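Protein chains in written order, with numbering that gives the first Met the number 0: chain A, 0 to 383; chain B, 0 to 348; chain C, 0 to 133.
These are calculated hints, taken from the structure and not from any lab test. Among the hints, a few may not be true.
Selected chain C positions facing chain B (in silico; Cβ < 10 Å) [what the hints assert, rightly or not]:
(1) 7
(2) 9
(3) 10
(4) 46
(5) 69
(6) 72
(7) 88
(8) 91
(9) 93
(10) 106
(11) 107
(12) 121
(13) 126
(14) 129
Quantities reported herein were computed from a predicted structural model and do not represent experimental measurements. Even for Gly, the Cβ is constructed at its ideal location relative to N, Cα and C.
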Amino acid sequence: MRRVYITGIGQTPVREHWDRSARDLAASSILQALEQAGIDKADAIYVGNALSGELTGQEQLAALIADFAGLTGTEAIRVEAAGASGGAAVRLGYLAVASGVHDTVLVTGVEKMSDLAGPAVEEALATSTDEEYEAIHGLSVVALHALLMRRYMHDYDLERRDFAHFSVNSHRNAVNNEYAMFRRPITVEAFEKARLVADPISLLDSAPVADGAATIVLCSDKAAGKRANSSVEITGSALATDAVALHDRPNPLFLRAVQESAHKAYAQAGVTPKQIDIFELHDAFAILAALSLEASGLAPEGEGVRLAMEGEIALEGRTPICTMGGQKARGYPVGAAGVYQIVELVQQLRSEAGANQVDARVGMAQSIGGTGATAVTHILKSPE
Amino acid sequence: MMKPLRDVGLVGYGAYVPRYRISAEEISRVWKMGEDNLHLEEKAVPGLDEDTATIAIEAARNALRKAALDPSKLSAVWLGSESKPYSVKPTATIVAEAVGATPHTTAADLEFACKAGTEAMQAAIGFVGSGMADYAMAIGADTAQGKPGDQLEYTAGAGGAAFVVGPKDESMAYLEGSHSYVTDTPDFFRRPNQQYPTHGSRFTGEPSYFTHTIMAARTLMDELGYGPEDYDRVVFHQPNSKFPVRVAKRLGFVEEQYRDGLLVPYVGNTYAASSGIGLAAVLDKAEPGERILLASYGSGAGSDAFSFVTTEYITRGRNPIPQISDYVSRRKEIDYAQYARHRGKLVMY
Amino acid sequence: MSLAKHWRMQQQRYRLTGMQCEDCGAKLLPRRLVCPQCKSHNLQLYSFKGQGMVYSYTVVYDAPSGYDGYVPYPAALVRLDEGPLVAAQLTDVDIDEAYIGMPVEMVTRRLREHGESGLIVYGYKFRPKLKGQA
Chain A
0 MRRVYITGIG QTPVREHWDR SARDLAASSI LQALEQAGID KADAIYVGNA
50 LSGELTGQEQ LAALIADFAG LTGTEAIRVE AAGASGGAAV RLGYLAVASG
100 VHDTVLVTGV EKMSDLAGPA VEEALATSTD EEYEAIHGLS VVALHALLMR
150 RYMHDYDLER RDFAHFSVNS HRNAVNNEYA MFRRPITVEA FEKARLVADP
200 ISLLDSAPVA DGAATIVLCS DKAAGKRANS SVEITGSALA TDAVALHDRP
250 NPLFLRAVQE SAHKAYAQAG VTPKQIDIFE LHDAFAILAA LSLEASGLAP
300 EGEGVRLAME GEIALEGRTP ICTMGGQKAR GYPVGAAGVY QIVELVQQLR
350 SEAGANQVDA RVGMAQSIGG TGATAVTHIL KSPE
Chain B
0 MMKPLRDVGL VGYGAYVPRY RISAEEISRV WKMGEDNLHL EEKAVPGLDE
50 DTATIAIEAA RNALRKAALD PSKLSAVWLG SESKPYSVKP TATIVAEAVG
100 ATPHTTAADL EFACKAGTEA MQAAIGFVGS GMADYAMAIG ADTAQGKPGD
150 QLEYTAGAGG AAFVVGPKDE SMAYLEGSHS YVTDTPDFFR RPNQQYPTHG
200 SRFTGEPSYF THTIMAARTL MDELGYGPED YDRVVFHQPN SKFPVRVAKR
250 LGFVEEQYRD GLLVPYVGNT YAASSGIGLA AVLDKAEPGE RILLASYGSG
300 AGSDAFSFVT TEYITRGRNP IPQISDYVSR RKEIDYAQYA RHRGKLVMY
Chain C
0 MSLAKHWRMQ QQRYRLTGMQ CEDCGAKLLP RRLVCPQCKS HNLQLYSFKG
50 QGMVYSYTVV YDAPSGYDGY VPYPAALVRL DEGPLVAAQL TDVDIDEAYI
100 GMPVEMVTRR LREHGESGLI VYGYKFRPKL KGQA
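Okay, chain A solo, but in the shape it has when bound:
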């Protein structure tokens, strides 16, 4: 297995890009990353995208993007795993380089959510659930997470407002991220008063779907050459799955795929959970953030929310999460999120995070599909 370095990153702001389509957004992030890496082509492109066909009628997205970005003919393929599409694309890019098949690859996450609105978007997002046994019952993705949150509140004696700290933290951090969709802080009171989407999950507890594209350049040590010393390295990479439907899991409140992928990544990277300085987790909803902390071994079962309540998830806390706003405030371009997480970790590990800088050597990024059926964890190490 070869070492894999990230030698370039690029990202578009996350928002409703009414005037730009997916190929546009993807290509601009690719060009940024290529320029930063000092290259003009790659051996392969892995495109993470969840809903291009559903929402915009476009499949075969990878070939389209390769051509539009001026890389016509390049090996290119789209990777789909719902909300974990970006992370899964990183995984494939990593495998391509680590295995020795390719020297330099691009991983691009792109999503175009804003061409449709309302029920049509909920219907599209519901494709990440079990269609025959969850979506058919009108159970949106939010509703499934709401079921988890309600049970968790019951089992661990918590109130809705206790979950506010995840959103409050994400919004606070996004203030200093120029690419973020929402850059104003929110209060616990605002969180409590926000309108319900699926009881007990409210609007301020749901990551806002939006448009965006982010790209990273992965290089083998040979291809990176001198740049390797100043590049962030991927030291752990693992993907695991679980039953798609909540009711098919023996304990719906325990994310087995998260545990499996996190522990494999720790083992590969040779680190323990305590050594993770930053955790870019998949905060589509507060409950998912809490359960991710628990299944990743960063909080005991039932203590994920309490960790947030105690302020330990803040930039200055023991386990900083969502340091550039996370899905909640940076915004959630579904299939691209996993690549944005890597971009943000790289900024942190390169000490380029500005006002949000955390003193970090090792960071972890985790991308989740649906209610936890796919989980991808990557561990990154700062340059020497």
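Dock chains B and C against chain A, hints included.
For chains B and C alone, coordinates are given in the frame of chain A:
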């Protein structure tokens, strides 16, 4: 009078009424019409996720549990209704599939306004009585529509009643005989593209409801050699609370005989289920050896009359299978706006 | 709107049919090919009784297409008496009446229609138990 060669009876029965109610007073609040002349308190309104098929399914499931019958033994599922969810596609097959009667069975929908359920019963009696089948199910179910502001809006309710016809020696109530009286009388009807029916006001009374009901009931009783005093209970079609009381009196019946089967003040006119629900209510209360007269009425027009006698099995399965009284007492009041939403009077497309 | 897709699910949706493992006795919903308990392939159809209790519940306000006409509607994970969890809507209950542990029973209701001219899909939902069960 008609009587099959093979003795038959009701081996099981079941009914269902939805949970929601709208009061006559609330309808009157919107339309400012006097509701007093109908003596109705409230009527049953189907939920957003209910229709004739779902109502029929629950009534049928109750009937099969009452009968303790393996559903694959049913040779017919016949559903009478004027408010089918599909105009073309049998609702009876949905019910047959849901209760487990498929695939070796026959199924069809019947229409004869409020007597479609008892038409199905006549057919089921013939089917079993001829020896073609051992068990046949007849269902009457409706989610009736009343034109907003029309008098019928006060009474158009929703409900279902299902009866399993089988051999006499397995019956909870055996059949002594039946009679049907039918003419072409257009007292109430709906043309294909119309949302709401048209009714003939006072024409729906004497020449329609009363003539047909009285002729069917009296002919049956005469041919059986019975008078009203020979019956413990009587059930009529209940379009409102005045007609069944008046027809009972004209036929010589007294209040003790029809009281238990009169549900219209609480659930409204459940159309094809109306007399069936009344029959279910009296069967829920009857002791063995009681004689019961059922005379339905359907616009168009006609009446089916049946004479039943309960057996020792009549008390079987009274708990825990829901009785009609359990459904009647399960109620959630809604206002006119919610009612309009439930009944699809708000255009959604 | 797919006719076949819904048609092949009918028996499961109308009658809450799953599987029973002939080797370890586990009752499974939904249908599977392999018993998750003992890995046996010896599975037979089994129709659940439909009795259970609420494991968790929610009320949906922002619904996917096809369900937006029904909001707000309650939904739940129900723990069936025989063991499995099943996801379904609740019905015949006010949105503030549901609670964890509420005894419920299966009924067959409209899940959705495909517009004014398309297929009506029927399937299982759960309502508060009407009366005590034997």
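Status of the hints after comparison with the structure:
1. Look at residue 7 of chain C: its Cβ only gets to about 12 Å from chain B, farther than 10 Å, so that hint breaks.
2. For residue 9 of chain C, the suggested interface contact is upheld, since its CB lies about 6 Å from the closest CB of chain B, less than 10 Å.
3. Hint status for residue 10 of chain C relative to chain B: holds, with the closest Cβ pair at about 7 Å, below 10 Å.
4. Because the closest C-beta pair between residue 46 of chain C and chain B is about 8 Å apart, less than 10 Å, the hint holds.
5. A least Cβ separation of about 6 Å between residue 69 of chain C and chain B falls short of the 10 Å threshold, and the interface hint therefore holds.
6. Interface hint status for residue 72 of chain C: upheld, as the beta-carbon distance to the closest one in chain B is roughly 8 Å, under 10 Å.
7. This hint holds: residue 88 of chain C has a C-beta 8 Å from the nearest C-beta of chain B, less than the 10 Å allowed.
8. Taken as an interface hint, residue 91 of chain C checks out: its beta carbon lies about 5 Å from the nearest beta carbon of chain B, inside 10 Å.
9. For residue 93 of chain C, the interface hint holds, the least distance from its beta-carbon to any beta-carbon of chain B being 7 Å, beneath 10 Å.
10. With a least beta-carbon distance of about 6 Å to chain B, the hint placing residue 106 of chain C at the interface is held under the 10 Å criterion.
11. For the restraint placing residue 107 of chain C at the interface with chain B, the shortest Cβ-Cβ distance is roughly 5 Å, inside the 10 Å limit, so the hint holds.
12. The restraint placing residue 121 of chain C at the interface with chain B holds, with a minimum CB-CB distance near 6 Å, inside the 10 Å limit.
13. Evaluation of the residue 126 of chain C hint against chain B yields a held restraint, the C-beta minimum of about 8 Å falling below 10 Å.
14. The closest approach between the C-beta of residue 129 of chain C and any C-beta of chain B is roughly 5 Å, which is under the 10 Å cut-off, so the hint is satisfied.
Going through the hint list in order, the structure does not satisfy hint 1, though it satisfies all others.
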